[in-house]
Every structure is written in C-alpha cells, then in structure tokens.
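Engineer: This is what each chain is made of:
2 protein chains.
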Amino acid sequence: MDINGPVESTVIEERPGRRRLPPQERRQQIIDGAVAFFAEVGFDGKTRDLAKRLGVTQSLLFNYFATKDELIEAVYEHVYLNRLAPDWPDRLTDRSVPLRDRLLAFYKEYSTLIFQYEWMRIFISSGLSGAELNRRYLKHLGELILKPVLHEIEFAARSDEVPTMEDIWNLHGGIVYIGIRQHIYRTPCPDDPSVAITRAVDRFLLAFGVEQG
Amino acid sequence: MDINGPVESTVIEERPGRRRLPPQERRQQIIDGAVAFFAEVGFDGKTRDLAKRLGVTQSLLFNYFATKDELIEAVYEHVYLNRLAPDWPDRLTDRSVPLRDRLLAFYKEYSTLIFQYEWMRIFISSGLSGAELNRRYLKHLGELILKPVLHEIEFAARSDEVPTMEDIWNLHGGIVYIGIRQHIYRTPCPDDPSVAITRAVDRFLLAFGVEQG
DNA sequence: AATCTTATTGAGCAAATGATCTATAATTCT
DNA sequence: AGAATTATAGATCATTTGCTCAATAAGATT
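Read top to bottom, the protein sequences are chains F and V.
Using the working numbering, you'd call the opening residue of the first sequence number 1 and step up by one each time.
Using the working numbering, you'd call the opening residue of the second sequence number 1 and step up by one each time.
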C-alpha cells in the first residue's frame with residue numbers, strides 16, 4: 001500500500017505541451033542544462049541545440065538571459081562557485097594531524113570534486129577563452145591552498161632541501177593531469193585515482209624528508 | 001657600397017594589389033596563418049577573419065581547401081607532424097648514458113618543443129573537440145616514450161618499490177602542466193622551466209632509488 | 001467557473017558565415 | 001610585345017544564428 005504520498009510525482013511526465021515553471025526553477029534548469037551542454041560541445045554550441053535538449057523553445061532562453069554571453073557567465077558562476085571549500089586552508093594547516101594525512105585528505109576530496117566531466121571541460125574551455133574567473137580561481141588556489149601546503153612541507157621537512165612554489169605546482173599538476181587525461185583527452189585512466197595520488201604525494205614528501213608514519 | 005646583391009628584395013613590399021604566389025607556397029602560407037589564428041581564437045574562428053589576417057580574400061581559402069574542416073585537418077597535421085622525434089626511443093634506452101641524463105635530456109628537448117603557444121593551444125583545443133589525431137598522439141607518446149621510460153626506471157631501480165605506468169604519467173603530467181599554466185591559463189610561470197623539470201625528475205628517481213650521480 | 005497574470009511559444013528579422021562562381025589581372029610562355 | 005594560363009578578387013547565395021515580439025495558454029486567484 002502506498003501511504004507515503006504520491007509516488008507518481010517522481011515519474012517524469014512526457015507531456016508534449018508547454019510546461020509552466022516558476023521562473024526561479026526554470027532559470028536553474030536552464031543553467032544546469034547549459035552546463036552539461038557547453039561542457040560537451042564547447043561555448044560555441046548553438047542556443048537552438050541547447051533549447052532542444054531542454055525541451056524548450058530557443059526564445060525562452062532569452063527570456064531568462066539577455067544574451068548568450070550572459071548565460072555563459074551564469075554557467076561560469078555556477079561551475080566555479082564553491083569549488084574551493086573554505087575550510088581547506090584551516091584543515092591543511094592543522095598540525096595536530098600528520099601532514100601526509102592532511103595532504104591525502106585534501107587531494108582525495110579535491111579530486112572527486114574536480115575529476116568530473118563538466119567541471120574539467122568547462123574549466124579548460126574557459127581557460128582557453130581567457131575567462132577572468134579562470135585566472136581568479138587559479139590565483140585563489142595558489143594563495144589559499146598551495147602556498148599553505150608549501151609552508152607546511154617546509155615546516156615538516158627533515159632534509160636539507162626545501163620545496164619551492166614551482167615544486168608544489170608540479171605536485172598539483174601531476175595530480176590534475178589525471179583529470180585532464182580522463183575528460184579532455186578521453187584516454188584510458190584508472191577508475192580510482194586515489195592510489196596514483198597517494199603515491200605521488202608520498203614521493204613528494206619523501207624527497208623533502210617528511211615523516212610518513 | 002652595396003655589392004652583395006639586391007638588399008631591397010628583403011624589404012617587405014606593402015603592395016596593396018593582388019600578389020600571385022605559386023600554389024604550393026600559398027597553401028603553406030595559409031596553413032601557417034591558420035595555425036596561428038586558430039591557436040589564438042579557437043577552431044570556431046571565422047574564415048573571414050583568417051583571410052583578413054593573411055591579407056587575402058576569404059574566397060581564396062576555399063580555392064585551397066574545399067571546406068573549413070579540411071583546412072582544420074591540415075592545421076592538425078601540420079602541428080602534430082614530427083612532434084615526436086623518432087630517435088627518442090633509442091636515446092631513452094641507451095644504457096651507456098646515465099638514466100638521469102637521458103631523462104633530463106628528453107624532457108628539456110621535449111619541453112622546448114611543446115611549451116609553445118601554438119602547439120599547446122591547438123593540442124588542447126583538438127583534445128577538447130575529440131580529434132582523432134590527439135588520441136593517436138597520446139597513444140604513441142605512451143607506447144614509444146613513456147613505456148620505455150618505465151622499463152628503464154624499473155631496470156635502474158634500487159629500492160623495493162618499482163614505478164607503475166600511472167606513476168610515469170604522473171611525472172609526465174606534472175611537467176606538461178607547466179605548459180598548460182603558461183599557454184592555456186596564461187598564469188605567471190618561470191621563464192626557464194628546466195630547473196622545475198630537473199627537480200621533478202630527481203624527486204621521481206629518488207623515490208625509486210635510482211642513482212643520481 | 002470565470003478572470004487575471006505571465007511563462008512560454010512561434011514566426012520572423014538582421015547580421016554573420018561557409019561556400020560558389022565569374023570576372024580580373026599577375027605571371028609565364030611564345 | 002602579345003597571347004595564354006591561372007591565382008586572386010569581388011559579388012553573391014543559402015544557411016545559420018543570436019535575438020525580438022506579439023500571440024497564446026498554463027496555472028493562480030477570486
């Protein structure tokens with residue numbers, strides 16, 4: 001017996017006629033669709049194709065976004081927003097936790113966030129087209145994440161060598177490259193990148209004599 | 001006194017009228033211009049803009065290439081061709097040379113080849129758009145370069161750990177990422193990447209106990 | 001049930017764009 | 001120098017594409 005409310009509400013209604021949605025909701029639906037669409041075909045994808053995929057008229061898009069560029073801007077914001085969790089700087093510098101654990105926790109969490117089709121492709125596309133948000137994101141990443149990582153490794157280093165910022169970018173790049181191979185090049189990749197990440201982090205720490213438990 | 005022939009022949013003639021070139025030469029000129037153009041604006045750049053940059057009519061382009069896609073294909077071939085020097089597999093496996101020297105020689109040579117505006121951007125653009133040449137290139141890279149590198153490091157390894165193919169891709173990705181930051185993200189980068197490369201290679205070799213002179 | 005509000009549609013415009021075709025003039029050959 | 005060849009230009013076509021606007025109907029209100 002169905003006592004938990006209308007299950008049929010979860011069934012997608014294939015009603016071919018027009019479907020009237022609250023503007024807020026429709027706007028979000030368009031953005032979500034646009035993210036998936038532009039990730040797949042690039043920002044030169046045609047608004048008519050996007051509309052067709054949404055099951056909606058092309059002219060409707062321009063009711064919610066004055067221009068295509070404005071829609072793309074909304075896509076940027078939706079994708080870039082909250083990708084850098086605000087608590088990472090604190091967690092990365094919490095010296096009550098072994099540095100290796102902090103780094104592994106960060107990169108495993110971060111990689112599940114960014115090793116996603118839509119993020120990877122929109123990130124690279126927007127980088128290619130010189131989007132301001134892209135440069136801002138990388139600057140934030142450097143300042144809020146990588147620079148603290150540098151200092152933590154410096155602090156924990158037991159060897160005479162100490163890492164440079166370029167070394168940190170190298171560590172980071174090697175890891176990000178997994179996502180690039182997966183979603184940009186569409187090359188065969190390990191299903192679970194965490195072992196490659198672990199090994200990369202361990203090699204890095206080893207080079208600077210950081211204790212690894 | 002000018003006795004060494006007509007110097008003025010090296011002066012670029014700003015003749016505004018039509019300039020008739022041998023087809024072979026014009027074709028090459030168009031390809032070269034297209035490489036620079038598409039690298040800058042992406043493959044959705046307009047043929048009219050390309051023609052204007054070349055100082056030539058748009059219709060002329062279609063005299064040399066039946067379609068825009070055919071032109072792009074020619075751009076791919078021009079850019080991808082001979083990027084992987086055929087002697088690297090041999091040089092990388094020449095055990096009369098210390099492994100570290102071989103790796104450093106390869107990556108310094110390879111990085112000067114690929115850390116270039118046009119290559120980097122066309123490589124990434126073509127990867128995004130799923131070009132077949134891109135996947136073929138990466139497959140070749142893996143088979144002809146990275147797999148030998150793996151075996152050489154395995155052979156030279158003095159630690160109990162031995163690298164995996166994923167580790168090699170990680171080494172490679174960390175290095176390539178320099179070029180991505182430079183030309184895709186247009187982020188501040190070291191003028192000379194060779195010190196970062198050297199340090200990355202040394203960290204890698206250290207992790208597997210390879211002698212480093 | 002009738003009315004009102006407005007989200008959505010469908011037709012269509014103006015500019016952009018890939019591609020075509022004929023006229024023109026640069027270069028070569030005789 | 002004149003004729004022949006053909007690389008190039010200029011005009012133009014057929015679609016495509018971002019965008020507009022008046023008409024329509026879905027859902028809320030009374």
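Bear in mind the hints are in silico, worked out from the structure with no lab data behind them.
The reader is advised that the hints may include incorrect statements.
Each pair may be met inside one copy or between any two copies, as identical chains are not told apart.
Simulated pairs of lysine to any residue, SDA-like, Cα-Cα distance not exceeding 25 Å [stated by the list, open to error]:
1) K52 with A156
2) K52 with S96
3) K139 with L81
4) K147 with P190
5) K68 with G45
6) K147 with P188
7) K68 with R136
8) K68 with H151
9) K52 with S194
10) K52 with Y117
Engineer: Does each hint hold? Answer for all of them.
Structural biologist: How the hints compare with the structure:
1. K52 with A156: Classified as neither; 55 Å inside a copy, 58 Å across copies.
2. K52 with S96: neither (54 Å within a copy, 62 Å between copies)
3. K139 with L81: within (15 Å within a copy, 35 Å between copies)
4. K147 with P190: between (29 Å within a copy, 16 Å between copies)
5. K68 with G45: both (10 Å within a copy, 17 Å between copies)
6. K147 with P188: between (32 Å within a copy, 15 Å between copies)
7. K68 with R136: Within one copy only: 22 Å inside, 35 Å across.
8. K68 with H151: So K68 and H151 fail the 25 Å test inside a copy (43 Å) and across (51 Å) alike.
9. K52 with S194: neither (38 Å within a copy, 50 Å between copies)
10. K52 with Y117: Classified as within: same-chain Cα gap 21 Å, cross-chain 37 Å, threshold 25 Å.
In terms of the numbered hints stated before, the structure departs from hints 1, 2, 8 and 9, listed from lowest to highest.
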